[in-house]
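Which chain is which? The protein sequence lines are A and B, in order.
Mapping of the first sequence onto the numbering used here: residues 442 to 808, in sequence order.
Mapping of the second sequence onto the numbering used here: residues 2 to 441, in sequence order.
The hints are simulated quantities; they were obtained by calculation from the structure and are not laboratory data.
It is possible that some hints are incorrect.
Said to hold, decoys possible - List of simulated lysine-lysine pairs, DSS-like, C-alpha gap at most 25 Å:
#, chain 1, residue 1, chain 2, residue 2
1, B, K402, A, K549
2, B, K367, A, K551
3, B, K402, A, K545
4, B, K214, B, K72
5, A, K563, B, K199
6, B, K37, B, K23
7, A, K774, A, K658
8, B, K174, A, K765
9, B, K15, B, K72
10, A, K563, B, K198
11, A, K611, A, K600
12, B, K118, A, K752
13, B, K199, A, K765
14, A, K545, B, K367
15, A, K767, B, K72
16, A, K563, A, K462
17, B, K276, B, K28
18, B, K34, B, K311
19, B, K174, A, K735
20, A, K765, B, K139
21, B, K174, A, K767
22, A, K551, B, K402
23, B, K139, A, K576
24, B, K9, B, K140
25, A, K765, A, K735
26, A, K611, A, K446
27, B, K174, A, K563
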Amino acid sequence: MLHIKIPTRREVIEKAKAEGKKIAAVYPIHYPRELFRAFNIQPIEVWGPPKTDTKKANAHLQSYICSVVQSGLAFYLEGGINVADIIVVPHSCDSLQGLGSIYKDFIKPKQELITIYLPREKNRENVEFLSKELKRIYKQLAEFTHFEPDREKLLEEIKKEEEIDVLVAKFYKSRENLPLSSREFYTILRAREYLPVELFKNILNYALLHSSSGKLKKTGIVISGLLPEPMEILDVIDEMDGFVALDDMACCMRRVYGEGSADDPFERMAERIVNSTPDPTKGSSVDERADFLKSLIDISGAKGVVFYNVKFCEPEYFYHPLLKDKLNESGIKSIVIETDINEPISQQTITRIKAFIEMLKEESRWA
Amino acid sequence: MGLKENIKYLFSYKLIGESLIKLNTKKSYKNFKPPKNWRTDILAPPLKTGVFTKEIITRHYLEGRYVNGVKPVAWVTSGAPIEILKALGFYILYPENHGALCGARKVALEISEEAEKRGYSIDICSYARTDIGSTLSKKTPVGRLPKPDLLLCCTNICQTVLYWYRVLAEYYKVPLIVIDTPFVYDEAREHDIEYVKKQLEASIEVSERVAGKSLSFSKLKEVVRLSKMAAELWLEIMNANKNKPAPISVFDQFIHMAPIVEKRGDSETVDFYSKMLDEINDRIKNGIGAVKNERKRVLWDNLPIWYKLKFLSEFLAENGVSVVASTYTNAWGELAPMMDIERPIESMARTYIYPILNRGTGHKLKTMETMVKEFELDGAILHSDRSCKPYSVGQMDQRIKLLNELGVAALLLEADHSDPRAFADEQVISRLKAFVEMMD
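Just chain A, with the same shape it has in the complex (with noise of 0.2 Å):
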């Protein structure tokens, strides 16, 4: 266990806005934090939060949209984002593409509303789309912060995140030798979703100083989905003698994107973006993510796949039933949770999780 002492949201957002930064309100999933801090806008991203009573949004949404969707608005609503000078909705599904479009259309937020339009496929001509969506968004921040930042300082903003992506893909890989719960270990690495950048880079490299070379004994499991909420989740896993090896979840891992080749600002933050790695909201292909789970249990050692997912999210439910067989087509097992991140964990998901903990462990002895 390490003595670390993160800040909270409200913490930094009143530190940003004692400096006089711009706060801007940002909702899943993938978004150029680097266009914003070379505004001298802090990003502070909504994922729910969880635990947020939905009653305000259930004037807006139906009862068949995600916690996530329906918590994100209930907190606008409930004045949670009245901190925030600006709300961006990237394009990530229906029901945050319907959420953006409320909020232009009915709920009128005073907020400088911004959405992105995410191209699906990594190729060349979705990299120059998005660089021109980029270019778009660009204007617009420019009009409302009477600033434009240069070239060179969107390069060095850039830059900084290239650092960052290298430092958690570090944080990753130390995993095992780190002296971290679960909940501690994502607890870190969901900080970045609303730390000032040189503050989350100075957090990881203190955690990364007590890296050892013991390895946990522990029965390694690699979760995917959209988040790890609620956390409770990952006690259950390390009650079992379990730890999350790894991840492909949206909060964290499928957006630790590669660095950029082109010289041009906004083309090397749409490459990055373009180029992540594969992601059911940008529709990759079943192969890529499943040799994408395979890669992440073989460089882990983890011993099986638990997909955690919030009940009504599309993108997610599509690809799991054939995940699942090719999965079990190289021997790795996994198993499917529903959750809800306004609910807490049930006994039911608990003892589901828990036995196949149990199973994975049973299979190591005999193996």
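Chain B: place on chain A using the hints.
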């Protein structure tokens, strides 16, 4: 193309099947009378030209049984730009229409359970479940569906199709073309149009490879011309309902829209809608309304509830309510003016980015408001469709606006387009009764 398949196709479909169907249509047309259980006390008889709807669709699915090995087969999403495929001679199947047909024939549940048994969640679109269930079990009410040689998925109706077609690509191991259409919050930007245009251009090479021939641009222009003509006629048919009483109910439109979706770009579709328009104009001339005692006129928003068309149509007609306009059926006509025969690819890029489902919630409200005024409506039924999030999200705000700003009664009706488990008869009846009372 195999000789055996060609002979079978010619013999079973062209020679016997098609002839029998046409003969049957001729007979049905000549001796036309409403089905025995048709409520002639409250509804006008069905359109006589409706026998051609049945013929076109029956022939389409019958051809599908024998088409593999004879023509290249493409499975496409309902709003996809099919003109290129059509010009290359593809047989085109719409899994969503097949899903609708399964819904209307009340077999969607049984087929989608095949997908659910394989782990597909009950919370994914019921069309997708029906299609995947049919792929896995081969169950279909049309005998047999042809295997695809190519998949074409266009995201202008939803993102769901993207994941759904990834699953199909995995099962059928055939190329998948994705035409990704940026969502239009206000107006499409130039880089959005350019992005779609480039994808359309790139799709030509893949389609040509699968078809084994080159695209003829003169043929493409001809397909675009026919597609545009059919869509314009369809729009005219829908606009005929501005007359009082309305000559064709939206429930009838749901049935007769099949050719504009499935057979766009064919000359027979143009002929069919011309005939239908003539019959509708006759009705207008003779003052025949689809609902005999049309007291109230309402709008339908979102997809139909396929397994309850008769139930809803009769309940509303009993109460003198005619459903005369629909944002859904309108979607296949409203973009017709955008098609430019001389610049097919560019105009397709522009046209296919603008379907109502790819536009903001405010645009849909404006469309409904326009319909309320132009069709002189008293109310709106907004089907909150569990299976169609992009169509349904925004309806709660739209309902309030219709109610408060236009002063029309507006009902949010929770159901699902194909899955009957999401429909409770008694609850729906009591909600509809309250809705009718609100209009009185």
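Checked hints:
Among the hinted pairs, K402(B) with K549(A) is consistent with the structure: their alpha-carbon atoms are about 14 Å apart, no more than 25 Å. Between K367(B) and K551(A), the direct Cα distance comes to roughly 23 Å. Compliance with the 25 Å bound is thereby established for this hinted pair. A hinted pair counts as satisfied when its Cα atoms are at most 25 Å apart, and K402(B) with K545(A) qualifies at roughly 15 Å. Only pairs whose Cα atoms come within 25 Å are accepted, and K214(B) paired with K72(B) is accepted, the gap being roughly 12 Å.
The straight-line distance between the Cα atoms of K563(A) and K199(B) is roughly 15 Å, inside the 25 Å bound, and the hint therefore holds. Between K37(B) and K23(B) the CA atoms are separated by roughly 22 Å; this keeps the pair inside 25 Å, and the hint holds. Restraint check for K774(A) and K658(A): the C-alpha separation of about 20 Å stays at or below 25 Å, so the hint holds. Distance hint between K174(B) and K765(A) is fulfilled; the C-alpha atoms sit about 18 Å from each other, no more than 25 Å.
The straight-line distance between the Cα atoms of K15(B) and K72(B) is roughly 14 Å, inside the 25 Å bound, and the hint therefore holds. Proposed proximity of K563(A) and K198(B) is supported: the alpha carbons are some 17 Å apart, at most 25 Å. Distance check on the hinted pair: K611(A) and K600(A) sit about 17 Å apart at the alpha-carbon level, within 25 Å; holds. Restraint check for K118(B) and K752(A): the C-alpha separation of about 18 Å stays at or below 25 Å, so the hint holds.
Taken as a hint, the K199(B) and K765(A) pair is broken in the structure, with Cα atoms around 35 Å apart against an allowance of 25 Å. A threshold of 25 Å between alpha carbons decides the hint, and for K545(A) with K367(B) the separation of about 14 Å falls inside it, so the pair holds. About 32 Å separates the Cα atoms of K767(A) and K72(B), which puts this hinted pair outside 25 Å; it is violated. Under the criterion of a C-alpha separation no larger than 25 Å, the hint pairing K563(A) with K462(A) is inconsistent with the structure, at around 34 Å.
For the proposed pair K276(B) and K28(B), the alpha carbon gap of about 17 Å is at most 25 Å, so the pair holds. At most 25 Å may separate the alpha-carbon atoms for a hinted pair to count; K34(B) and K311(B) meet this at roughly 18 Å. For the given pair, K174(B) sits about 21 Å from K735(A) by alpha-carbon distance, which is consistent with the 25 Å threshold. Annotation: proposed proximity of K765(A) to K139(B) holds, straight-line Cα distance about 22 Å (limit 25 Å).
At most 25 Å may separate the alpha-carbon atoms for a hinted pair to count; K174(B) and K767(A) meet this at roughly 15 Å. Distance restraint check for K551(A) and K402(B): the Cα-Cα separation of roughly 20 Å lies within the 25 Å cut-off, and the hinted pair is therefore satisfied. Of the pairs offered as hints, the one joining K139(B) and K576(A) is violated, with about 48 Å between alpha carbons and a cut-off of 25 Å exceeded. For the hint linking K9(B) to K140(B), the alpha-carbon distance of about 22 Å falls within 25 Å, and the restraint holds.
Between K765(A) and K735(A) the alpha-carbon distance is near 11 Å, which keeps this suggested pair within the 25 Å criterion. The hinted pair formed by K611(A) and K446(A) meets the criterion: a straight-line CA distance of about 21 Å does not exceed 25 Å. The suggested pairing of K174(B) with K563(A) holds, with an alpha-carbon distance near 20 Å, which does not exceed 25 Å.
In summary, the numbered hints that this structure violates are 13, 15, 16, 23.
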